[in-house]
Amino acid sequence: MRDAVQDEIIEQFGGLEWLDRYSLLISFGRELEPMDEKFRTEENSIGGCQSKAWVRAYEVDGRLMFNADSEAMITRGIISLLLKVVNNRSPREILDLDLYFLDEIGLKSNLSPARADGLASIIRRIRELAEGEVN
Amino acid sequence: MTDYSKDYSKDFPILEKEIYGKRLVYLDNAATSQKPDSVIRTLSEFYRSDNSNIHRGVHYLSEISSERYEKARAKVSDFIGADDPGEVTFTAGTTDSINQVACSLKPILEGNEVLISGVEHHSNIVPWQLAGAKLRAIPMDEDCNLLPDSIEITDRTKMIAISHASNVLGSVNPVKEITEIAKEHDVPVLVDAAQSIQHLPIDVRDIGCDFLAFSGHKMYAATGVGVLYTSERFSDIMPSRGGGGMIDRVTLERTTYLKPPLRFEAGTPHIAGAISIGAAIDYMQNIGMDHIRKREHEVYSYAREKLLGTDGVTVYGNTDLMCGSISFNLDEIHHYDTGLILDKLGIAVRTGHHCAQPLMRTLGTEGTVRASFALYNTKEDADRLLEGMEKVRMMYA
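Protein chains in written order, with my numbering: chain A, 1307 to 1441; chain B, 161 to 557.
Derived from the structure by calculation, the hints contain no laboratory data. Glycine included, each C-beta is placed from N, C-alpha and C at the ideal position. One or more of the hints may lead you astray.
[Said to hold, decoys possible] Which chain A residues stay away from chain B? Per the calculated CB distances, all over 10 angstroms, these:
{"id": "1", "residue": "Ile-1315"}
{"id": "2", "residue": "Gln-1318"}
{"id": "3", "residue": "Thr-1347"}
{"id": "4", "residue": "Ile-1352"}
{"id": "5", "residue": "Lys-1358"}
{"id": "6", "residue": "Asp-1409"}
[As the list claims (entries may be wrong)] Heads up, simulated DSS-like pairs for lysine-lysine below, C-alpha to C-alpha not over 30 angstroms straight-line:
{"id": "7", "chain 1": "A", "residue 1": "Lys-1390", "chain 2": "B", "residue 2": "Lys-504"}
{"id": "8", "chain 1": "B", "residue 1": "Lys-336", "chain 2": "B", "residue 2": "Lys-231"}
{"id": "9", "chain 1": "A", "residue 1": "Lys-1358", "chain 2": "B", "residue 2": "Lys-504"}
[Said to hold, decoys possible] Simulated restraints, written as ranges between beta carbons of each label pair:
{"id": "10", "chain 1": "B", "residue 1": "Met-398", "chain 2": "A", "residue 2": "Val-1440", "range": "48 to 58 angstroms"}
{"id": "11", "chain 1": "B", "residue 1": "Ile-447", "chain 2": "A", "residue 2": "Arg-1433", "range": "32 to 42 angstroms"}
{"id": "12", "chain 1": "A", "residue 1": "Val-1311", "chain 2": "B", "residue 2": "Lys-551", "range": "45 to 55 angstroms"}
{"id": "13", "chain 1": "B", "residue 1": "Lys-539", "chain 2": "A", "residue 2": "Ile-1316", "range": "17 to 27 angstroms"}
{"id": "14", "chain 1": "A", "residue 1": "Glu-1434", "chain 2": "B", "residue 2": "Arg-453", "range": "46 to 56 angstroms"}
{"id": "15", "chain 1": "B", "residue 1": "Arg-365", "chain 2": "A", "residue 2": "Arg-1430", "range": "50 to 60 angstroms"}
{"id": "16", "chain 1": "A", "residue 1": "Asp-1309", "chain 2": "B", "residue 2": "Arg-183", "range": "35 to 45 angstroms"}
{"id": "17", "chain 1": "B", "residue 1": "His-282", "chain 2": "A", "residue 2": "Glu-1434", "range": "24 to 34 angstroms"}
{"id": "18", "chain 1": "A", "residue 1": "Pro-1340", "chain 2": "B", "residue 2": "Lys-343", "range": "47 to 57 angstroms"}
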């Protein structure tokens, strides 16, 4: 099922050269609200990636809000896009989400567990956190 | 004056590749090198015409493959200046070689101490810990020069295990000086030559080490194969693994083992891989190790000086002799971001901790960008790297 937030991202990135895509990700990364130091805990950290990353979730009126961060700016940019898509949804909606925008803007390879940016682990963590709320 | 500008990249088919529409600049040679056509042909022709198991068959093909395998061993022996091919064991790679030594010597190492340097790869740290040894680093100065005069050898020091060249910094450690000191105390020395065998002429007799470990794939040969040189004086150590091909006599009560090298080669080895090491040595010796060293030094120094002369770049380590790797960071820009953008410019580097976390802590960084050079890299490659870094910086401006 198409999703308005993801379609909007795809439109923004459509037809851009690689370096322009990265420039855009860098600017999104800069806009991402940094995670408060007190939440950068071992519990919230994502292991196994080259740039340290953290994810946490909190609930507002039955909807999940995520807060995530990374040391690398391009990864922050991708996180920023990801949060635009997953934030403010019910846990069930999050679990049903097909994150097709990553593929369509050329970031599918970043989802491979072999990649070092930990994006795959960040998405896994988001799903686990949503699952925890459903159960 | 010798001309060091010859373009060897023509010998390496993969280097014709374009990545994202740009000529590939491959600067990840410390991770693995590319393979020359002669090595690729040797591998393919072996499987096409000579493939058979070694040392066991009575038949024609087995004789041919055994002969080729042993010829490769003799080439390695000659290449590293060993006294006898019997001192050369084929292993799965540097990591495997070091693990085998640590495992064989476990009864001596357990509860005792191994001296290493502060620039070691995890493969020269973890095997000793698994053998139950405590590790102590030989002191170094702030530029990562080891200080052999500060080596402290105690009764509990049972091994000194040192990388010849750092996979992160490209710093070359004074292994000869270290073996001289070790000899006074009768402590064996293992030299990890994974990052030097492809760059510098190596002579185990000159270095005076007891063990030397290196990988095939970083010296233009196949992956999954490597070498462990074991000096004659350790020829009777217990093999770390048992199986076929390494025994003299087996009964259910007791087994006796063959002499090295077969003693240390249980099971079917990577026959084609070992032969590919022979082909890679032929390739390098045709050019000449001294020529390779000088040519690489020109390109390496050129790249390093350019990096050092660029504002906003931190270059790590500075020793008298350097080869292969250069580690750096662009100030305020995460190494991973730099690597991602360089990739899209067709430049392959590695980023991260490079399996050397203790060194990263010493350098005060989580990771670096590492450009690592091989004999086919040129000053033009270094220029492309510098241009790429300028591009990265502009994107962050």
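Hints versus structure:
1. A cut-off of 10 angstroms between C-beta atoms confirms that Ile-1315 (chain A) is not in contact with chain B; the least separation is 19 angstroms.
2. Gln-1318 (chain A), annotated as away from the interface, keeps every beta carbon of chain B farther than 10 angstroms; the closest lies near 17 angstroms.
3. Consistency note on Thr-1347 (chain A): stated as away from chain B, and its beta-carbon is indeed over 10 angstroms from all of that chain's, at 17 angstroms minimum.
4. Residue placement check: Ile-1352 (chain A) keeps its beta carbon more than 10 angstroms from all beta carbons of chain B (closest about 13 angstroms).
5. Distance check on Lys-1358 (chain A): its Cβ comes as close as 7 angstroms (rounded) to a Cβ of chain B, failing to clear the 10 angstroms threshold; non-interface status is violated.
6. The Cβ of Asp-1409 (chain A) lies farther than 10 angstroms from every Cβ of chain B, with a closest approach of about 18 angstroms, so its non-interface assignment holds.
7. Distance restraint check for Lys-1390 (chain A) and Lys-504 (chain B): the Cα-Cα separation of roughly 26 angstroms lies within the 30 angstroms cut-off, and the hinted pair is therefore satisfied.
8. The suggested pairing of Lys-336 (chain B) with Lys-231 (chain B) holds, with an alpha-carbon distance near 29 angstroms, which does not exceed 30 angstroms.
9. A distance of roughly 22 angstroms separates the Cα atoms of Lys-1358 (chain A) and Lys-504 (chain B); the hinted pair therefore holds under the 30 angstroms criterion.
10. Separated by about 56 angstroms at the C-beta atoms, Met-398 (chain B) and Val-1440 (chain A) satisfy the suggested range of 48 to 58 angstroms.
11. Remark: the range hint 32 to 42 angstroms for Ile-447 (chain B) to Arg-1433 (chain A) is contradicted by a beta-carbon distance near 53 angstroms.
12. Separation of Val-1311 (chain A) from Lys-551 (chain B) is about 31 angstroms and departs from the stated range, judged on CB atoms against 45 to 55 angstroms.
13. Distance hint for Lys-539 (chain B) and Ile-1316 (chain A): a CB-CB separation of about 42 angstroms, inconsistent with the stated range 17 to 27 angstroms.
14. Between Glu-1434 (chain A) and Arg-453 (chain B) the beta carbon distance is about 52 angstroms. The supplied range of 46 to 56 angstroms therefore holds.
15. Taking the beta carbon of each, Arg-365 (chain B) and Arg-1430 (chain A) are about 54 angstroms apart, inside 50 to 60 angstroms as hinted.
16. In this structure the supplied range 35 to 45 angstroms holds for Asp-1309 (chain A) paired with Arg-183 (chain B), their Cβ-Cβ distance being about 40 angstroms.
17. The beta-carbon spacing between His-282 (chain B) and Glu-1434 (chain A), approximately 29 angstroms, falls within the hinted interval of 24 to 34 angstroms.
18. Our hint of 47 to 57 angstroms for Pro-1340 (chain A) and Lys-343 (chain B) holds, since their Cβ atoms are close to 55 angstroms apart.
Hint compliance for this structure: hints 5, 11, 12, 13 are broken, all remaining hints hold.
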